[in-house]
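Okay, here's what each chain looks like letter by letter:
Protein chains: 2
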Amino acid sequence: MTVSGRPARETKDLPARVRAWDAEDPLRGARARFEIPEGLIYLDGHSLGAMPTDAAARVASAAREEWGQGLVGSWNSHDWIGAPARIGAKIARLIGAEPDEVIVADSTSVNLFKLIGAVIAARGAQGVILGEAGDFPTDGYVAAGAVERHKGWRLKLRPAAEIAAALGEGADLLMLTHVSYRTGARHDLGELTARAHAAGALTLWDLSHSAGCLDLDLKGADADLAVGCGYKYLNGGPGAPAFLYVARRHQATLASPLPGWMGHAAPFAFEDAYAPASGVARFLCGTPPILSMLALEAAVDVFDGVDLALAEAKSQRLADLFIAEAEARCARFGLAPITPRESDRRGCHVAFRHPEAWPVMQALIERGVVGDVRAPDVIRFGLPALYLSFEDVWRATRALEDVLATGDWRVERHQARKTVTCGRA
Amino acid sequence: MTVSGRPARETKDLPARVRAWDAEDPLRGARARFEIPEGLIYLDGHSLGAMPTDAAARVASAAREEWGQGLVGSWNSHDWIGAPARIGAKIARLIGAEPDEVIVADSTSVNLFKLIGAVIAARGAQGVILGEAGDFPTDGYVAAGAVERHKGWRLKLRPAAEIAAALGEGADLLMLTHVSYRTGARHDLGELTARAHAAGALTLWDLSHSAGCLDLDLKGADADLAVGCGYKYLNGGPGAPAFLYVARRHQATLASPLPGWMGHAAPFAFEDAYAPASGVARFLCGTPPILSMLALEAAVDVFDGVDLALAEAKSQRLADLFIAEAEARCARFGLAPITPRESDRRGCHVAFRHPEAWPVMQALIERGVVGDVRAPDVIRFGLPALYLSFEDVWRATRALEDVLATGDWRVERHQARKTVTCGRA
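Protein sequences, first through last, are from chains L and V.
At position 303 of the first sequence (counting the first as 1) the number is 501 in my numbering, and the numbers step up by one without a gap.
At position 175 of the second sequence (counting the first as 1) the number is 373 in my numbering, and the numbers step up by one without a gap.
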């Protein structure tokens, strides 16, 4: 990441209260587990999490020692074969699930496909999937594809505020992204799960913007199914494998529509007929990408000893600070928050509208503050608790003010539009 | 990989002809591109290819520099976003396809699912998939799952020798693994494709045991569809992402049953409605595991300047030598080849039956010769041309003779059965 112009770290006038918050932060030590370029304030962890030092070390040694020296024997000697369940169990702790309810496999999109297909097959010829209009596109694509193939099924998309009421009209599956990729607004997972159950529907939560930043409790919420992404707040690396959760009570009755050999009851018996594994392992399909899996594992291990309640609370305070400072400094330049102000109604990123979102972000990146943009006019800043400080947020809002006040974003190089930065939203 | 006992390299009496073959081998320089443990003869590249030195270096720098320093910007600055098509184009050269006919994505199993689903959707309510009985299980599972969901479709499995005749009875899709994972027998891809077309069927070839070792010509054969694995003869690392081939003439009419955002015509427009990308990119689904992708890319780059006709010819000569020496030395101990003797009827591994396959292989591994076993009684040796020598093969057969002649495999430690070594068959 090229950082030029005035480094964000140069600001001299950090208020004492901000300094004090960092000094008292019980998670302040976690930052040392990450490698973040000097002088950079990285607020794009909702798109691609920063790199844990151990993740880079692990992937390098997984290649050089485990693959290079151990060769095929490492499937056993380094337990590559156990990686999907082993890493799944580690993620389970972070989302309030039992260790045998989570498995790491494939991408979020593919896992959504498996779970939607499994529910459709279990529920029968007719049914309704209820989802949110304007939710992350891939979720909608997969659901729309599923109902297209199953003619008796319908997909009903409603605005967030109408979801609860729409459940009253009946549904078989409520499928929602817990935290909106655009606004950062959070659904009440517990309440909507209870309402869904009362309406006779199962729930499928996409935790891509929740896992690793919010203090999730799938068990307490009695959630049925979930998927989530490994490369945002779990910091598993670009395109890290995704995870999939199936509550124990559904594991015997749901079957994956993607029957592959790794989900077989006895993968190494090479039987001609498919017999699904017992438990959540039946939702495995092909051979997992081990190098990316092990980077994810090292990243998840960074959460060892981290209390996610503290992490969530810190992220919310970072968000409060960001919104307050941004409003005080930047409202006069047309920057308007679209993230809810109530900390229990949002995830761990804050979003703003600005008509010149793209060039503003380019100018900000040049100042060493990295957020991102979602077309046409949304600016997002991710606030993971493990590697950010209150000082980072304070400096970021100062830099944002500077960009807007100086009109720097008007210069030509910031207007030039490249491919929008990627990572699953 | 622990190597103890008598190292295979100690054998002193290497015949002059074997030495001469290595001296004249035009590919002898390629071995330097791999890191293989000292003293080891690695004959399991049909399960997990050996590690190219560049692959380990690339994955380490992809983590440390591209992810760690470049962060989310690397989707553009290091063209992560272009990786599926870029690596696909490199693989295309190795299988005789056009650069825009191949894409890297997901696993072989998932890619099979996409292509079978696409054909079923394109062909209509009724149809027949013709496949081989005893083919690699995941292929059968995916096909069986597909016909279960599409009631008008049937899956016909026939022994290899009856496939051509069965095409005469009519089929919509001929789906075959080009080279059998057990016996190493190879189908005539060109002839069966022509017969399939004459019968009105499309062809879907699983090239898992062909790509990177045989001189494939999908274009010359007019092949329709193919998938293949990245971690065998392509040496892409454990669980490396797979590839998928769709002949240009089918790209506009076939649609993936797994519609994810990466296969959208405009992934970063975040449109609510799915519109498939033009070309083979429509068979992408979720975000790809970049670290594993880049290891695969470096591995595929090892083939730069390698003439696959030479590689195939060398592997076949290695196979001739292996079978001849093994028969001469080991037939009296009950070892019997099951791989065809004709070099154009086999892939690049040789397989034998032995009633004590498992303990024999354990004793052989202890001597520094690594092959593998498929239950109950098949011993396999992979013979990729890039990192093996004639001397390796000659020494391996000597070690095999030694194991069988001494009866070493009878000792207790070789009888103990662990999880069968893995990697997609």
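Be careful, since some hints might not be right.
Where chains are identical, the list cannot tell them apart; a pair therefore holds if satisfied intra-copy or between any two copies.
[To be verified] Pairs of lysine to aspartate or glutamate residues, derived as DMTMM-like cross-links and limited to a Cα-Cα distance of at most 25 Å, are as follows:
1) Lys417 - Asp470
2) Lys417 - Asp277
3) Lys417 - Asp223
4) Lys349 - Glu296
5) Lys349 - Glu469
6) Lys354 - Glu469
7) Lys354 - Asp505
8) Lys288 - Asp298
9) Lys288 - Asp220
10) Lys354 - Asp470
These are calculated hints, taken from the structure and not from any lab test.
Here the structure is a predicted model, which is why all the values come from computation and not from measurement.
| task | List, from low to high, the hint numbers that the structure doesn't satisfy. | result | 1, 2, 3, 4, 7, 9
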